[in-house]
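Please put together the full structure from these sequences, using the hints given.
There are 2 protein chains.
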Amino acid sequence: MEVLTLKGFRDIAPEEALKRGRVLSLLKSVFKSYGFVPLETPTLEYAKILEGKYGPEADKLTYKFKDRGGRMAALRYDLTIPLARYVTENKGRITFPFKRYQIGNVFRAEKPQAGRYREFTQVDVDTVGVDSALADAEIIAVLATCLQLLGIEKFEIRLNDRAVFQEIPVPAIRILDKMDKIGRAGVERELAQAGFGKEILPRSAGRKPTARLKEIFLALEYFGLDKKSFRFDPLLARGLDYYTGMIYEIVVPETSGSISGGGRYNNLIGTFTGEGIPAVGGSFGLDRLAVAVPEKTFENIPFQPQVLVTVFDSGLIQSSLTVYSLLQAQGIEVEIYLDPNAKLDKQLKYADRKGIPYAVILGPQDLKDKKVILKDLGNRTQQRVTVEQLSNILSSR
Amino acid sequence: MEVLTLKGFRDIAPEEALKRGRVLSLLKSVFKSYGFVPLETPTLEYAKILEGKYGPEADKLTYKFKDRGGRMAALRYDLTIPLARYVTENKGRITFPFKRYQIGNVFRAEKPQAGRYREFTQVDVDTVGVDSALADAEIIAVLATCLQLLGIEKFEIRLNDRAVFQEIPVPAIRILDKMDKIGRAGVERELAQAGFGKEILPRSAGRKPTARLKEIFLALEYFGLDKKSFRFDPLLARGLDYYTGMIYEIVVPETSGSISGGGRYNNLIGTFTGEGIPAVGGSFGLDRLAVAVPEKTFENIPFQPQVLVTVFDSGLIQSSLTVYSLLQAQGIEVEIYLDPNAKLDKQLKYADRKGIPYAVILGPQDLKDKKVILKDLGNRTQQRVTVEQLSNILSSR
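First to last, the sequence lines map onto chains A and B.
Going by my numbering, the first sequence opens with residue 36, and the numbers climb by one from there.
Going by my numbering, the second sequence opens with residue 36, and the numbers climb by one from there.
These are computed hints drawn from the structure, not numbers from a lab.
Incorrect hints may have been included.
[What the hints assert, rightly or not] Short, incomplete list of chain A residues facing chain B, as computed with Cβ under 8 Å:
hint, residue
1, Leu-41
2, Val-72
3, Arg-103
4, Ala-108
5, Gln-363
[Said to hold, decoys possible] FRET-style restraints, in silico, Cβ to Cβ:
hint, chain 1, residue 1, chain 2, residue 2, range
6, B, Lys-101, A, Asn-335, 41 to 51 Å
7, B, Glu-334, A, Leu-61, 19 to 29 Å
8, A, Asn-335, B, Thr-416, 38 to 48 Å
9, B, Gln-418, A, Arg-106, 49 to 59 Å
10, A, Leu-61, B, Lys-42, 49 to 59 Å
11, A, Arg-151, B, Ser-60, 43 to 53 Å
12, A, Gln-201, B, Ile-428, 43 to 53 Å
13, B, Glu-423, A, Glu-256, 15 to 25 Å
Heads up, the beta-carbon is just placed ideally off N, CA and C, and yes, glycines get one too.
The following block contains the structure:
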């Protein structure tokens, strides 16, 4: 059949969507516990808002088009520039520090690869309006708490300070950032190709943590982070142009590589108005994060209702619906078979195929006796019980 | 200042975003309790997938553009066509009936008005693969249960059957659908302008419920709906082209007018492959729904953390963070002041401005005595307590 979905885009099927929903609700609970509040910005922005903020590569990957009113619009490339735009427009109404999280889809016209899509979900957390090491450390602490709550035990936080690159031009920083991918020799080669001398590399590699980083490390310990979970990485650069201070990445070595990154960007918000407002933040990519979450975190999410209430025939719809409503009111996840003309056998097969573990059958004789049949579809046993017993049995599972 | 947000688009500030999040999580719990599972489809589709499905008016309002690969892409106009496309592509893998819900933003280049935006959130619930009156009634029952759980007590469900319009051309149906807005005289005028005779109106207005509608009404009662909450509306038409059977709207008279609508569309999924799959569904517009929700539903959502832990000076950061972490671990929503160099007075004013009800102060003497000061910022009282007492007091609030 003809492919009907755009290249680089995808559907997220129910089982996966349920898992992602579970991850997001855990993340939201952590953000809220640290005093972060949700913000939503539009999917479309003026193209000029996004242009020139990320670097030339990203500018090329931004989806842009002219809307009906002749405005150049762009699909958001990340959630940080929209935050900066929001803060600029609402400065007078915001109490700083403004601690916000945002969960939203972003769009990048990249070459699709395994696990890389042109639309994907980012989870951002940022503190705007305060320049302390405490604010830097808190962002890291929030992200680390998220990982712990998701059951991800092994992760490594690599930190650096953009201040160590002060005298290095941004294009060279972007090459230095590829150290993990292309190795030292590769970096040296690309530096030479771009016209930079080799001395750039030792100038950055020989560094010690800045005083600010030392302050952040101390605060991380105060926030309860294990010293072994974070380290200074003098070669970490991060690709985006707008960072000014602390930068970091969180790596889960065994599964998905880098799952989070961010840093301080004290000049970005100022680009819209000239008046700088300090900010620090970070983000998770939901796809990579979900891959790193161990299965046990998802164990208690039922992917299917626990019970199918069958409909014996159309004359018994009312009684079946009564049982259905009663179970539902008790918080049992239940489904009713929607075609009263289907044979009972077909209805039970449906439950089987979907992996629904129990079925309730209510025939004419059962109705007279005020009983129902509860069928365990796993071990093929059944018992005849009152409706009260039924709801007790199912609630206690 | 220059407007930085595109015409017809908007930010959703934290307080509003929290309320919307609350509404959505209640809706999801209802959908799950009826056995519906989440699905996510991309924001962008091939334009040809969306074109010609909704009617000529909607085609004009769809955002379309050419992507880098020269494909005509479109921002989704609703969530129903993407569902139909998904079912077509995944038919072999789906166990029918497929009961899915989807929450997502849709895009329409309409003239912006008060409360009408070009990007807005739709909440869809649909049952695909079964043609019974029970499935029709269940969709209505799900939506009614949502309204009840949200605390919306007064609503009216108006139902009709597209079958009654069988001999009436779709353009005339669209005019009939305006009865509420422009009255009988207006409808007659527009019918005449479009070249239709007046006889179309009585032909539809004199109708009795079809046999199918009577079946649905009965099932609605079985599902526990109050008879007074729904009624036959022979003039209800619904604007979209794809309905084939039951159509309905839910109206909340006192606040937001129509907040939900939908119907049966047995031929839509077939348009992609020629092989029809019956389906029925409905949707809420989140904006209108949120307006109709009474304030008391939101009473238990804290819009701010309950406590601000202040930082006396930079030497006391560690002790303050210990108290902070301890409160947080107990599920208390707490914030720490992120600038240890700010005067205490400034920190307390920040809590006041944000409406945080309590502040914790921890000075050098308190530290020695292993106590903290808990300040009630509402009535300006304070008490000196141990950390254990502190967490007991705050937990019991």
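- Enumerated hints in conflict with the structure, sorted upward: 10, 11
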